Each structure stands twice: as C-alpha cells, then as structure tokens.
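Peer 1: Letter by letter, the chains look like this.
There are 2 protein chains.
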Amino acid sequence: MITVLFAHPYPDRSRANSRLLKAISDLDQLEIRSLYERYPTFDIDVEAEQTALRVSHTIVWQHPMYWYSVPGLLKHWFDKVLVRGFAYGEGGVHLLGKRCLWVTTTGGDLTAFTSGGLHAHSFSSFVPAIEQTARFCGMEWLAPIIVHGAHKISDAALDNHALNYRNLLQSLGR
Amino acid sequence: MITVLFAHPYPDRSRANSRLLKAISDLDQLEIRSLYERYPTFDIDVEAEQTALRVSHTIVWQHPMYWYSVPGLLKHWFDKVLVRGFAYGEGGVHLLGKRCLWVTTTGGDLTAFTSGGLHAHSFSSFVPAIEQTARFCGMEWLAPIIVHGAHKISDAALDNHALNYRNLLQSLGR
Numbered sequence: 001m002i003t004v005l006f007a008h009p010y011p012d013r014s015r016a017n018s019r020l021l022k023a024i025s026d027l028d029q030l031e032i033r034s035l036y037e038r039y040p041t042f043d044i045d046v047e048a049e050q051t052a053l054r055v056s057h058t059i060v061w062q063h064p065m066y067w068y069s070v071p072g073l074l075k076h077w078f079d080k081v082l083v084r085g086f087a088y089g090e091g092g093v094h095l096l097g098k099r100c101l102w103v104t105t106t107g108g109d110l111t112a113f114t115s116g117g118l119h120a121h122s123f124s125s126f127v128p129a130i131e132q133t134a135r136f137c138g139m140e141w142l143a144p145i146i147v148h149g150a151h152k153i154s155d156a157a158l159d160n161h162a163l164n165y166r167n168l169l170q171s172l173g174r
Numbered sequence: 001m002i003t004v005l006f007a008h009p010y011p012d013r014s015r016a017n018s019r020l021l022k023a024i025s026d027l028d029q030l031e032i033r034s035l036y037e038r039y040p041t042f043d044i045d046v047e048a049e050q051t052a053l054r055v056s057h058t059i060v061w062q063h064p065m066y067w068y069s070v071p072g073l074l075k076h077w078f079d080k081v082l083v084r085g086f087a088y089g090e091g092g093v094h095l096l097g098k099r100c101l102w103v104t105t106t107g108g109d110l111t112a113f114t115s116g117g118l119h120a121h122s123f124s125s126f127v128p129a130i131e132q133t134a135r136f137c138g139m140e141w142l143a144p145i146i147v148h149g150a151h152k153i154s155d156a157a158l159d160n161h162a163l164n165y166r167n168l169l170q171s172l173g174r
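Line by line, the protein sequences give chains A and B. Numbering-wise (the numbering used here), the first sequence opens with residue 1 and increments by one. Numbering-wise (the numbering used here), the second sequence opens with residue 1 and increments by one.
Since the hints were derived computationally from the structure, they do not count as laboratory data. Incorrect hints may have been included.
Which copy is meant is left open, so a pair is good if it fits within one copy or across any two.
To be verified - Below are the DMTMM-like pairs computed for lysine to aspartate or glutamate, each with C-alpha atoms no more than 20 Å apart in a straight line: (1) LYS22 with ASP109; (2) LYS80 with ASP12; (3) LYS80 with GLU37; (4) LYS98 with ASP12; (5) LYS22 with GLU37.
Treat the numbers as computed from the prediction; the structure is a model and nothing was measured.
One chain only, chain A, in its complex shape:
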C-alpha cells in the first residue's frame, strides 16, 4: 500500500497540487489522505494515521511549501503521529525501511532561491528539516519531486511532473 498524506488547506484553489494528485488518484493500492479535509479542527486521529502507515510500504508527503516548510497541519501530524515508541526510540520500528517520497510545490521560481534572490537561500537549504524527519524514523528518502513556480508553470511542464509522479509510484507499487 502507498499512503499519500496530502496537506493543502484550500484544495479547490490549488492548480498544481490538484493536478499532481489527480495523476495518481486511480492507482491501485494507494490511499490519499487529505489532512485538511479530514481534520478541519486539527484533531488528528493518531491511531488511524499510524494504522495507515503500518500497512504502507511507501509514504508520500504532498503539499505546497508554506514558509519554507510544510503547512501547519502536516507539521502537527509530524508532532502527533511520528512519536517515540512508534516512529523512533524503544519499540519505534514501524517506519523502518519504508520509503518516503516528498512532493512539493513552490510559488517562486528557482532564481528566487538564491543568495541574492527573494528567499536568500538555495532551495536545498530548506530540505534538511523535512528529509531528516524521515531519516530519523529510519525511512528511505527518495529523490523528491519539486515543482517550482507552481502559479505560472505551463500545463505541459506540470503534466510532465504529474507523469513522473505517477510513473514513480507505479514502479514502487507492489
């Protein structure tokens, strides 16, 4: 099973994320969990989330970048679901060896992510916190799918990302 944690507060207003999601939504053995729709008051059902992870071989975190990180609800999901005894520490072996795929979109194009640009840092400066969250839980970190300039990217380029996403998940599904 592949579990996709989808964190977009306004899925209806999303162009890039909804297109990416649509490209994978009919795959077999895949469940999309739309966190903002499932938990509008942030009352995450920790047991249900952990059960979904237990039966998965691949875990996807898909979201737009907000303030150089994941949206608040996905961060809250990290805090509540990836706890000692489940994800790390004594007995915390339930994510060990599972694959983690990060799929994210940014508003700015790559020139914004330079030392002289709007964001003053390369995009890679913002990766360690996310990547190390997965690695600390013993997950295998796959090469992420990053869609820059999501507001203005062409349909063709977006379709290309979506197809890569689909092909990758398909190749992992078993």
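Chain B: place on chain A using the hints.
Peer 2: Chain B alone, transformed into the frame defined by chain A:
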C-alpha cells in the same frame, strides 16, 4: 511592547521552557501569548494576533524544537498570521523593521547535531527556514537563544540562559 509567542503543547511538563519564560514574565511592556493554551483547537484569532504584533517593536518566538522546526501550532500561526497584505506583499508593511528573537530548546546536545551524529546535520542547517520567515517579513533577525540538551542541562547553565534572555529583552524594551 514586546510580544512573546510561546508555543509549547505541554507547558506543565516543560522544565527549560518554563524556566526561560519565568525569567521574563515580570518585565514591563511585555506580553506572553501561550498559543497552545489560547488556541487548543487551533482556531487562531488572526485579527487579535495581528493587533498584538502591530503594537510591538520586538517579537519573540519561543518553543521547543519539534522535528527540526517549530511545533505545529506555531507553524499554523505562521501560515495564518503572516499573510500577504499584512506581513509582506502590497500593503504588507506591518512587521517591517521590528526585531525578531528566536528562543528555542533542543533535546539532543550539540554532538547530536553533526554529520555523523543522531541528527546528521549541524544545528545551523535547520535555522534558514525560521530565520528567512522573519526576514521575508522585513524583520531584523537577532542572534537567537538556543538551549541544547534541555532535558539534562544543569540548573546553573539554564539559569544563565534565562538571565541572558531577561537581560536581552530588558535592553530592548523601550
């Protein structure tokens, strides 16, 4: 006015954070906003938060590090409060020139924050996302107060951090 956004989900269980907070709580012209107590269901009153920021010359983000970042509710606060038209973009001038102080505690000691250590990265690798959030809003980024090994740090060392924190805020208060 100095506004302290305090984000600890279990303030009663905190040793380091509560000690730090206690050291500054009687300062004049300072307001502590305990986010997890104020917003247990994450329904942030955006207008009240923005009003608190408008009247402040210094904004403090104080929290334990969770998954190499801020706790979920403070991340949600970033997403909801630091919005276009208030914090950046057209008309978004309300944080311009204000000071931002980051005060945080970590569980691991500094040896965990090395390429061969438990966290596989230096602590500084996790700073850009927080720092750039402040800088993108035009705030002046002060040298942060970072308390490592918060679970086992001695009372004396913790008191020293607390005193530094108090002295710094006192010197900024006017």
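Peer 1: Each hint needs a verdict: does it hold in this structure or not?
Peer 2: Each hint, compared with the structure:
no.: 1; hint: LYS22 with ASP109; in the structure: neither (23 Å within a copy, 44 Å between copies)
no.: 2; hint: LYS80 with ASP12; in the structure: between (26 Å within a copy, 18 Å between copies)
no.: 3; hint: LYS80 with GLU37; in the structure: both (17 Å within a copy, 17 Å between copies)
no.: 4; hint: LYS98 with ASP12; in the structure: neither (31 Å within a copy, 35 Å between copies)
no.: 5; hint: LYS22 with GLU37; in the structure: within (16 Å within a copy, 38 Å between copies)
In terms of the numbered hints stated before, the structure departs from hints 1 and 4, listed from lowest to highest.
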